[in-house]
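*Asks:* Sequences are here, hints too, so could you generate the full structure?
Heads up: the sequence lines are chains A and B, in that order.
Its first residue numbered 1, the first sequence is counted upward by one per residue in this note's numbering.
Its first residue numbered 1, the second sequence is counted upward by one per residue in this note's numbering.
In case anyone wonders, no lab produced these hints; they're calculated from the structure.
Using N, Cα and C, we set each Cβ at its ideal position, and we do this for glycine too.
Careful: at least some of the hints might be erroneous.
[Stated by the list, open to error] Rough simulated footprint, nothing fancy, chain B against chain A, three-plus residues with beta-carbon under 8 Å:
(1) 95–107
(2) 315–328
[Claimed, not checked] The following label-pair restraints were derived from C-beta to C-beta distances:
(3) Ala90(A) to His362(B): 56 to 62 Å
(4) Leu217(B) to Gly433(A): 57 to 63 Å
(5) Pro43(A) to Glu198(B): 56 to 62 Å
(6) Asn227(B) to Ser389(A): 26 to 32 Å
(7) Ser369(A) to Gly38(B): 35 to 41 Å
(8) Gly433(A) to Glu198(B): 58 to 64 Å
(9) Ser389(A) to Gly38(B): 36 to 42 Å
(10) Gly213(B) to Arg370(A): 21 to 27 Å
Each chain, letter by letter, is given below.
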Amino acid sequence: MNSRERALVSIPAGEIPGRIRSGELRARDLAEAVAARIERLDPELGAFLATTPQQARQEADRVDEGVENGKSPGPLAGIPVAIKDNIVTAGVPTTAGSRILEGHVPVYEATVVERLRRAGAVLVGKTNLDEFGMGSSTENSGFRSTRNPWNPDRVSGGSSGGSAAAVAARMAGLALGSDTGGSVRQPAALCGVYGLKPTYGRVSRYGLIAFASSLDQIGGFSRDLPGLALLYQAISGHDERDSTSADRAVEPVPGDGLSRGDGLWPGDGALSESGSGASLRVGFAESFLAHEGVQPEVAEITRKAGRILSSAGLEVQDIELPDPEIGIASYYLLATAEASSNLARYDGVRYGNRASGEGLEGMYRATRSRGFGAEVKRRIMLGTYVLSSGYYDAYYLRAQKVRADLRHRFQRLFESVDVILLPTSPTSAFPLGERVDDPMQMYLADVFTVFANLTGIPGISIPMGLDDGGLPVAVQVLAPAWREDNLFAVAGVIADAVQLPAWPDPGEEVR
Amino acid sequence: MSTATPLHEKYEAVIGLEVHVQLRTRSKIFCACPAEYGGRPNTRVCPVCLGHPGALPVLNREVVTHALRFGTAVNSDVAGLSVFARKNYFYPDLPKGYQISQYSRPVVDGGRVPFLHQGEPRELRLVRAHLEEDAGKSFHPEAGREAATLVDLNRSGVPLLEIVTEPDLRTPGEAHAVLERLRQLVVYLEICDGNMEEGNLRCDANVSVRPRGQEALNPKTEIKNLNSFRNVSRALEWEIKRQGRLLEEGGDLEQATRLWDASEGRTRVMRSKEDAHDYRYFPDPDLLPLVIDRDWIDSALGSLPELPWEKERRFVEEFSLPLEDAVILTDSREGADYFETVAGAAGDPRMAANWVMNEVLHLVKESEGKWSDVPVNPGNLGRMIRMIQSGTISGKIGKSVFAEMAGSGKAPEAIVKEQGLEQIQGGDELQRVVDEALASNPGPLEDYLNGKESALQFLIGQVMRITGGRANPQAARSAVKKVLEDRRGGKTP
Numbered sequence: 001m002n003s004r005e006r007a008l009v010s011i012p013a014g015e016i017p018g019r020i021r022s023g024e025l026r027a028r029d030l031a032e033a034v035a036a037r038i039e040r041l042d043p044e045l046g047a048f049l050a051t052t053p054q055q056a057r058q059e060a061d062r063v064d065e066g067v068e069n070g071k072s073p074g075p076l077a078g079i080p081v082a083i084k085d086n087i088v089t090a091g092v093p094t095t096a097g098s099r100i101l102e103g104h105v106p107v108y109e110a111t112v113v114e115r116l117r118r119a120g121a122v123l124v125g126k127t128n129l130d131e132f133g134m135g136s137s138t139e140n141s142g143f144r145s146t147r148n149p150w151n152p153d154r155v156s157g158g159s160s161g162g163s164a165a166a167v168a169a170r171m172a173g174l175a176l177g178s179d180t181g182g183s184v185r186q187p188a189a190l191c192g193v194y195g196l197k198p199t200y201g202r203v204s205r206y207g208l209i210a211f212a213s214s215l216d217q218i219g220g221f222s223r224d225l226p227g228l229a230l231l232y233q234a235i236s237g238h239d240e241r242d243s244t245s246a247d248r249a250v251e252p253v254p255g256d257g258l259s260r261g262d263g264l265w266p267g268d269g270a271l272s273e274s275g276s277g278a279s280l281r282v283g284f285a286e287s288f289l290a291h292e293g294v295q296p297e298v299a300e301i302t303r304k305a306g307r308i309l310s311s312a313g314l315e316v317q318d319i320e321l322p323d324p325e326i327g328i329a330s331y332y333l334l335a336t337a338e339a340s341s342n343l344a345r346y347d348g349v350r351y352g353n354r355a356s357g358e359g360l361e362g363m364y365r366a367t368r369s370r371g372f373g374a375e376v377k378r379r380i381m382l383g384t385y386v387l388s389s390g391y392y393d394a395y396y397l398r399a400q401k402v403r404a405d406l407r408h409r410f411q412r413l414f415e416s417v418d419v420i421l422l423p424t425s426p427t428s429a430f431p432l433g434e435r436v437d438d439p440m441q442m443y444l445a446d447v448f449t450v451f452a453n454l455t456g457i458p459g460i461s462i463p464m465g466l467d468d469g470g471l472p473v474a475v476q477v478l479a480p481a482w483r484e485d486n487l488f489a490v491a492g493v494i495a496d497a498v499q500l501p502a503w504p505d506p507g508e509e510v511r
Numbered sequence: 001m002s003t004a005t006p007l008h009e010k011y012e013a014v015i016g017l018e019v020h021v022q023l024r025t026r027s028k029i030f031c032a033c034p035a036e037y038g039g040r041p042n043t044r045v046c047p048v049c050l051g052h053p054g055a056l057p058v059l060n061r062e063v064v065t066h067a068l069r070f071g072t073a074v075n076s077d078v079a080g081l082s083v084f085a086r087k088n089y090f091y092p093d094l095p096k097g098y099q100i101s102q103y104s105r106p107v108v109d110g111g112r113v114p115f116l117h118q119g120e121p122r123e124l125r126l127v128r129a130h131l132e133e134d135a136g137k138s139f140h141p142e143a144g145r146e147a148a149t150l151v152d153l154n155r156s157g158v159p160l161l162e163i164v165t166e167p168d169l170r171t172p173g174e175a176h177a178v179l180e181r182l183r184q185l186v187v188y189l190e191i192c193d194g195n196m197e198e199g200n201l202r203c204d205a206n207v208s209v210r211p212r213g214q215e216a217l218n219p220k221t222e223i224k225n226l227n228s229f230r231n232v233s234r235a236l237e238w239e240i241k242r243q244g245r246l247l248e249e250g251g252d253l254e255q256a257t258r259l260w261d262a263s264e265g266r267t268r269v270m271r272s273k274e275d276a277h278d279y280r281y282f283p284d285p286d287l288l289p290l291v292i293d294r295d296w297i298d299s300a301l302g303s304l305p306e307l308p309w310e311k312e313r314r315f316v317e318e319f320s321l322p323l324e325d326a327v328i329l330t331d332s333r334e335g336a337d338y339f340e341t342v343a344g345a346a347g348d349p350r351m352a353a354n355w356v357m358n359e360v361l362h363l364v365k366e367s368e369g370k371w372s373d374v375p376v377n378p379g380n381l382g383r384m385i386r387m388i389q390s391g392t393i394s395g396k397i398g399k400s401v402f403a404e405m406a407g408s409g410k411a412p413e414a415i416v417k418e419q420g421l422e423q424i425q426g427g428d429e430l431q432r433v434v435d436e437a438l439a440s441n442p443g444p445l446e447d448y449l450n451g452k453e454s455a456l457q458f459l460i461g462q463v464m465r466i467t468g469g470r471a472n473p474q475a476a477r478s479a480v481k482k483v484l485e486d487r488r489g490g491k492t493p
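*Replies:* Next comes the structure, spelled out in structure tokens:
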């Protein structure tokens, strides 16, 4: 790898459009550098299920032509973006990480992908994931695992492990993921990058292959906050093709550099002034850190984050958070119930891989037995049980009530604080293979992230550096619905105070 | 087999209906595909109604408006908040592996439908009516080594309103009458084409038989695959007999789903209680709860046409028609409007009713039920009737004028004038004809004078023949009689 390529792929995403507009940088050069890097690093890392170098070159050329012709090239001009493979891309195979959709080429495009293209982003490929979003390590992918760029023997987290790893390894400037129980925030934490789950309803789910419809939300990864802000602005906003999409304007967030008056984005208006976030109140649950399974260094950097915010003039208060066990229990009842229904369409009749069997039932059994992995089957069975006659009230209904109660509790918490600070993942990246045979242990990785999905509130994972083992650790900040601006504000304060390590070059000698 | 007491005296049938009405909207219920019938297979489809990965449903509000029209027409409670639920099961023509339907909060709750059975006014109570999406169609071509099932998803996502009645019905005849009334209602409301053969109105019947006097309901049988009103009655008749005999032999009824086999004329078991599906209903998280506000309900209420039973009542009161005539004339809105135009122009509703029922209905049948294609203009018919009333033409001439109107489309005044069809009411013209009739028929004249009264009729008939029907029958009768009486009395002219 030469230093020029390295320099190109290291440009923070937030700076790329500006440099392209000024003519200092050509989108094509960046696309080539990224493509070369993917080709070299990914066989080992396994972040991508499909790459689109041809398309990327064409899109980059279009951006460059636009600049040459004096046309405004879009807020994300030239940024190489990777897309989690459960987000539908027209003409490009989309598998949801499952053999049942191996080779499936969608006939339409997800809203978020349309919006990225219109913004001038350059799509570099589809990233690996736990099958149908079910998992916390990307080991449940039907195809392969994704290695952590910081240590190849460790997981990259899940379910959006491919996207997190791609960004951390500088094989993309930004990436899209989806977060149902923590699947953007947790891999972001394990890979040392920023990961944002917006408020439920903020980003259209049209074209997101559904896992749990009332919990899923598309989110994004970045190595820098301005890049994340640009991504957030590009994909957010009402979509009439998604009935759960909120019909409300997208307010600016710090660092999004929204140009005024060009009418491209909703929420176009004055830039937020909260660079320092001095007036925010932070809730901190010290008792949470005593939770079983929390790695001591994770507890330590969470306290450190608290001290940083305090020094910056934010008021840090002690709060009591609901028992995470309640969160996990209701999450796994509701998510699996919805998943059992959402995955019924994979029956081999209209698309995907059909296996033959005796009669209709035989065909269904063969197709789904062979096409689905073990974790998916587990969750379908669990979810079917939860909804079945005689059990609905005891499980599904009760879980919904718990969920409603959690929503109220968080609303009350946010009366006295503006944001909540807690860990993202109880541990740094665990070894590949360590938890595959222990689903319950795997489920506990979500213990701090499921609250945001159950209550719909937004959350961000903020990298805090490395632990003694050289693995990334991170903290999480939660805010009330629609207050992503405060997430960015707090992240900005922490970013200013924390020195992040150099980005890894997995398997490379640095010259 | 002979029993001391006939079965139908010992037992009674308890019948309820589930009627699926395909709502006539421009697009499907959750996507923008056209909702029309037909089309080459799998051409009216999109990622949403195909259940592609990542696709999401968006509610078509016109569908709800149609449901509200129904709900307000039957005086039901319309829910302020209605919820869509997923009904989960696997079948190749069900793309998502679940049907979006409604479970605990249907859009329409309760309701009453007045109907007539054997001339008696009755009222059917509804349990509810809810919205759901239709599935596609499966075709099973010739079985054989290459046997396969073909699936056409054009129909997937077409909006349905499922109407569930209380088990208030006791005979197949009542079920038939109720079905007719429901069909009529949805056509009146313009929410459905009401065509069972095209599949836009479908019916499943639930029936259980119990000993008369027993209050508790016995387990019911659900009968499916009923594709015409006649088959509904036939199937119910057969099933009631089957259940009656079973009970008589000391057996127990079991809850089951049976299919009607029209060619064999019997029902067969499709699913027993053990095989019954557990649909695992839960609220669909892709759709928001439907808020139906007062404005929406009021606008549906305000847009209702006069309902069939209201029109029946009005025709009886306003036009002094017998109920059974009112029923025939109000069968469709177009027919009723046609009749009212005729009656208005004629000034004589009863006569108008007779003409419409006896003469126009044929023509309607010939134009395949389309009143707009009837070749006789209702205003013209009305004025023609007025001409009969005023004696300008006779009723008999009226019939040929009617035929001429149907053939040429000309106004009655023009036809009568052109063909010189005015009635001969009396005077010299009539007298001349009478004289001619008597002169040409000395035999009958002789017979009458010799006491054969029936010869009178023959002679009147001759007058009618000579005038080509234009003579006023009463005047002809008086004129002939007078001359004959004179002759009898010896007053020879």
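*Asks:* The structure should be examined with respect to each hint, and the outcome stated for every one.
*Replies:* How the hints compare with the structure:
1. 95–107: holds (count 5)
2. 315–328: violated (count 0)
3. Ala90(A) to His362(B): 56 to 62 Å: 58 Å Cβ-Cβ, so the 56 to 62 Å window holds.
4. Leu217(B) to Gly433(A): 57 to 63 Å: holds (60 Å)
5. Pro43(A) to Glu198(B): 56 to 62 Å: holds (59 Å)
6. Asn227(B) to Ser389(A): 26 to 32 Å: holds (31 Å)
7. Ser369(A) to Gly38(B): 35 to 41 Å: Taking Cβ atoms as reference, serine 369(A) and glycine 38(B) lie about 38 Å apart, which means the hint holds.
8. Gly433(A) to Glu198(B): 58 to 64 Å: holds (60 Å)
9. Ser389(A) to Gly38(B): 36 to 42 Å: holds (38 Å)
10. Gly213(B) to Arg370(A): 21 to 27 Å: violated (59 Å)
The structure fails hints 2 and 10 (numbered hints given earlier, in ascending order).
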